[in-house]
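Undergrad: So the protein lines, in turn, are chains A and B.
Each residue of the first sequence is one higher than the last, beginning at 1 in the working numbering.
Each residue of the second sequence is one higher than the last, beginning at 1 in the working numbering.
It is possible that part of the hints are untrue.
[Said to hold, decoys possible] Using 25 Å as the maximum straight-line C-alpha spacing, the simulated PhoX-like pairs for lysine-lysine come out as follows:
1) B:Lys58 / B:Lys120
2) B:Lys302 / B:Lys226
3) A:Lys254 / B:Lys12
4) A:Lys259 / B:Lys226
5) B:Lys58 / A:Lys254
6) B:Lys143 / A:Lys259
These aren't lab readings, by the way, just hints derived from the structure by calculation.
Quick caveat: nothing in here was measured; it's all calculated off a predicted structure.
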Amino acid sequence: MGASGNWISFYTMVRKDIVRMFRIWVQTFLPSVVTSVLYFLIFGTVLGSKIGDMQGVPYMTFVVPGLVMLAIVTTSYANTSFMFFASKFFARSIDEILVSPTPPWVIIAGFIGGGIVRGMLVGVLVLLVSLFFTGLHLAVHNVVIIFCFAILTALIFALAGLVNGVYAKSIDGINIIPTFVLTPLVYLGGVFYSVHVLPPWWQTITYADPLFYLVNGFRYGFLGITDISLLMSVGILLGMVVVLIAINWYLIRKGLGVKQ
Amino acid sequence: MTQAALVIDNLKKIYASGTEALKGVSLTVPAGDFFGLLGPNGAGKTTVLGIVTGLVNKTAGTVSVFGCDIDKEPEKAKAHIGLVGQEINFNPFEKPFDIVVNQAGYYGIPRSVAIPRAKKLLVDLGLGDKMTQKAMTLSGGMKRRLMIARALVHQPRFLILDEPTAGVDVELRRGMWEYLRALTKEGLTILLTTHYLEEAEQLCRHIAIINKGQIISNGSMKDILKKLKSETISIDLTQPVTSNALDALRAYGPKKVDDTTIEIEIGAGRGLHDAIMILDQHHLAVQSVRNKSGKLEEVFVKLINE
C-alpha cells in the first residue's frame with residue numbers, strides 16, 4: 001500500500017476513534033474527571049490537611065501528578081482494550097480492517113493512537129480540575145519531561161490494553177485485568193506517597209511496579225523531586241514499550257483472538 | 001493468456017476443534033468471470049472465502065489473487081479484493097456514509113477521493129437518502145446493499161459475495177442481480193456463494209460445487225447442467241387426467257399431483273414433444289408446462305446425494 005496509504009489507514013483509524021470518543025464524551029471523558037475530583041477532595045483536601053508536607057511540598061501539590069497519571073493510565077488502557085474487544089465481539093467490525101491491506105503494525109498504531117489521544121485529553125482535563133484544588137497554582141519544573149512521561153504512560157498502557165483486548169473472550173475478560181492488576185499497580189506505584197516513607201522491603205516491591213517509574217518521572221517534571229534516577233526510569237519504560245510492541249505485533253500478525 | 005483472478009491449490013483447513021473443514025480444495029476463477037461456489041450448509045464455502053480474504057488461517061495449500069500469493073504478498077492480494085460477508089459486520093452506531101468512507105481509508109484512499117466515490121455508490125445502490133442515518137435503522141436489504149457499497153469503494157478487481165441476497169426480497173434481489181451483472185461487464189471478477197440456486201443459474205458463467213470440504217464438480221454452467229440426465233416437468237391440463245393416459249405415459253414415470261396436473265421425467269429418448277403427443281392422443285389439451293425446479297437445483301441435489 002505504500003507509506004502514504006499506511007498513513008491514511010492509520011489516520012482513518014485514529015480519526016474514527018476520536019469522532020467516537022467526542023460523540024459519547026459523557027462515557028469517555030467525564031468519568032475520569034469525576035473520579036479525580038473525588039480523589040482531590042478525599043486525599044487532597046480532607047486527608048491531605050492531616051498529612052501536611054510530602055518531600056517538602058504540600059500534600060495536595062504532591063498528589064496532583066500522581067492523579068493525572070492515574071487518569072492517563074486507566075483511560076488509555078480502557079480505550080484500546082475495549083475498542084479492540086468491541087470491534088471483534090460486537091458486529092465483528094474488526095473484519096473491515098482485517099480484510100484490508102493495512103499491515104499489522106499500522107493496525108497496532110491505529111488502535112493505540114486512539115488510546116493515547118484519549119489518555120492525553122483526560123490527563124489535561126484532570127490537570128485543569130486540579131487547579132481548583134491548588135488555588136490555581138501549578139508547579140512546573142520541566143514541561144518537556146512532563147509531556148514525555150505523559151506520552152510514555154499513555155503509550156505503555158494503550159499497548160497493554162491492546163494485548164488484553166486481543167486475548168479477551170468476554171466482557172469480563174477486559175474487566176479482570178484492570179481490577180486485579182492495574183488497580184494494585186496504581187495504588188502501590190507511588191501515586192499517593194513517596195517511596196521513601198515505606199519500609200525497605202516494601203520499597204523493593206515498589207521498584208518492580210512499572211507505574212512507579214512513570215509517576216516518579218512525571219512528578220519530577222512538575223516538582224523537580226525524584227525517588228530514583230530519571231535515566232533509569234526512561235530506560236526501563238522504553239524496554240517495556242519494545243516488549244509490548246513485539247507482543248502485539250506477534251498477536252495481530254498471527255490473528256490470535258480474531259482469526260479462526 | 002489472461003491471468004486468473006483466483007488460484008487455490010490443495011487448500012486444507014483443520015479448525016482448533018479438530019473439524020476438517022477443507023480436504024484439499026483446488027479451484028481457479030478466471031479473470032472477468034462470474035463464478036459461483038455452491039454447496040450445502042457446512043460444506044466449507046465460507047471457510048474458503050475466509051482464507052482468501054485473510055479472516056481465517058489456512059492449515060495447508062496455496063492461494064493467489066491476481067498472481068499475488070496471500071502468504072508472500074498479503075497486502076497486495078488484499079488490495080485486489082472486495083468482500084461482502086455473510087454476516088452483517090459494521091458498527092450499527094455509525095452512519096453508512098462514514099462506514100464506506102472509512103473503509104476506503106483502510107485501503108489507503110484519501111478522503112477527498114473517497115467521499116464522492118462513497119456518495120455515488122450509496123446513491124447507485126438506493127441508499128442516497130439513508131447516508132447520514134445510523135446504520136442500525138436500515139432494513140435487512142439496505143444493510144446488504146451498504147455492505148456491497150463498502151466492498152466496492154476501493155474499486156477492487158475481484159468481488160467476493162458470500163450469500164449477498166440472504167433475507168432480501170425478490171424485487172430487491174433482482175435489482176442487485178442487474179447491478180452485479182453491470183459490474184462484470186465493466187471487467188470486475190465476481191465469486192458468489194448463494195443458497196438461491198436460481199440466482200447462481202441466472203448469474204454465473206462457471207460454478208464449482210463443494211461438499212464436505214471437497215470440490216465435487218467444477219466447470220462451465222453449460223457443462224454442469226449437461227450432467228442432468230433427466231428433469232422433472234409439471235404439466236397442467238385443461239381436463240382431468242385419465243388412468244389410460246397415465247398408463248400410456250408410464251415410460252416417463254408419471255405422478256398425478258391433482259386431477260389436472262401431472263409430473264413426468266424427461267430425458268434421453270423421452271422427449272417432451274412425444275409426451276404431449278401422447279396426451280393429445282388421449283384428448284387431453286395442455287394448458288401450461290414448466291420445470292418443477294431449476295435445472296441447476298436438480299443437478300445440485302443429485303451431485304450432493306451421490
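Undergrad: Now tell me, hint by hint, if it's right for this structure.
TA: A quick look at each hint next to the structure:
1. B:Lys58 / B:Lys120: 36 Å, violated
2. B:Lys302 / B:Lys226: 13 Å, holds
3. A:Lys254 / B:Lys12: 18 Å, holds
4. A:Lys259 / B:Lys226: Not satisfied, since the Cα-Cα distance of roughly 40 Å exceeds 25 Å.
5. B:Lys58 / A:Lys254: 11 Å, holds
6. B:Lys143 / A:Lys259: 24 Å, holds
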